Amino acid sequence: DVKVTQSSRYLVKRTGEKVFLECVQDMDHENMFWYRQDPGLGLRLIYFSYDVKMKEKGDIPEGYSVSREKKERFSLILESASTNQTSMYLCASSQSYRLDGEQFFGPGTRLTVL
Amino acid sequence: QKEVEQNSGPLSVPEGAIASLNCTYSDRGSQSFFWYRQYSGKSPELIMFIYSNGDKEDGRFTAQLNKASQYVSLLIRDSQPSDSATYLCAAHHNAGNMLTFGGGTRLMVKP
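Residue numbers (the working numbering), protein chains in the order written: chain A, 1 to 114; chain B, 1 to 111.
Check before you lean on any hint, since a few could be wrong.
[Stated by the list, open to error] Calculated lysine-lysine pairs in the BS3-like style (CA-CA distance at most 25 angstroms, straight line):
1. A:K71 with A:K55
2. A:K3 with A:K53
3. B:K110 with A:K13
4. A:K71 with A:K3
5. A:K3 with A:K70
6. B:K42 with A:K3
In short, the hints are calculated from the structure, not lab data. Treat the numbers as computed from the prediction; the structure is a model and nothing was measured.
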């Protein structure tokens, strides 16, 4: 079974703090993704990576950065957390360049920024 | 801007009925399409994908794709209360191997 794990299920941080969200997958997938999900806005892509040390901006990268030093691990960094970054964050991974490129999701991290 | 549109619902159907969920997409370059189910508080899980025009059946689920009309649908036969969830439609773009998700349709199956 494919497994995507995320470091925390729930996280509470203060405005201005630096926040690290970690994601690990165990299926040797090339692609990894970070989304945020908000009511009425659906899943929005923040960043994705198709290889170690490679990253591409998604639809809403502002205020975020990412790091992929190892194939199985993809980190999302909030440089200075703000209240509008309160959201559910979902990590996903997939095999590369397949028509049936299913993305497997982690359990999500619900981040609250006070 | 690549867009995938879904009616947010809620779509309410009685137990045993057919639920029909619809999705339209704007990018003609999209080649494959995915339906995910997401229970409240949980992460999305894949139901099925389709990339050829026509119907694809998997148990109680049938996905339909019409590329000319840029339309994807999911039919759920013999709907059960356990099918109550939000259903996400996604279009796959080979460039960057990304998925663009619709906002989801909330389905409620009433006993």
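Practice task
Find the hints from earlier in the document that the structure breaks and name them by number, from lowest to highest.
Solution key: As far as the earlier hints go, only 3 is violated by this structure.
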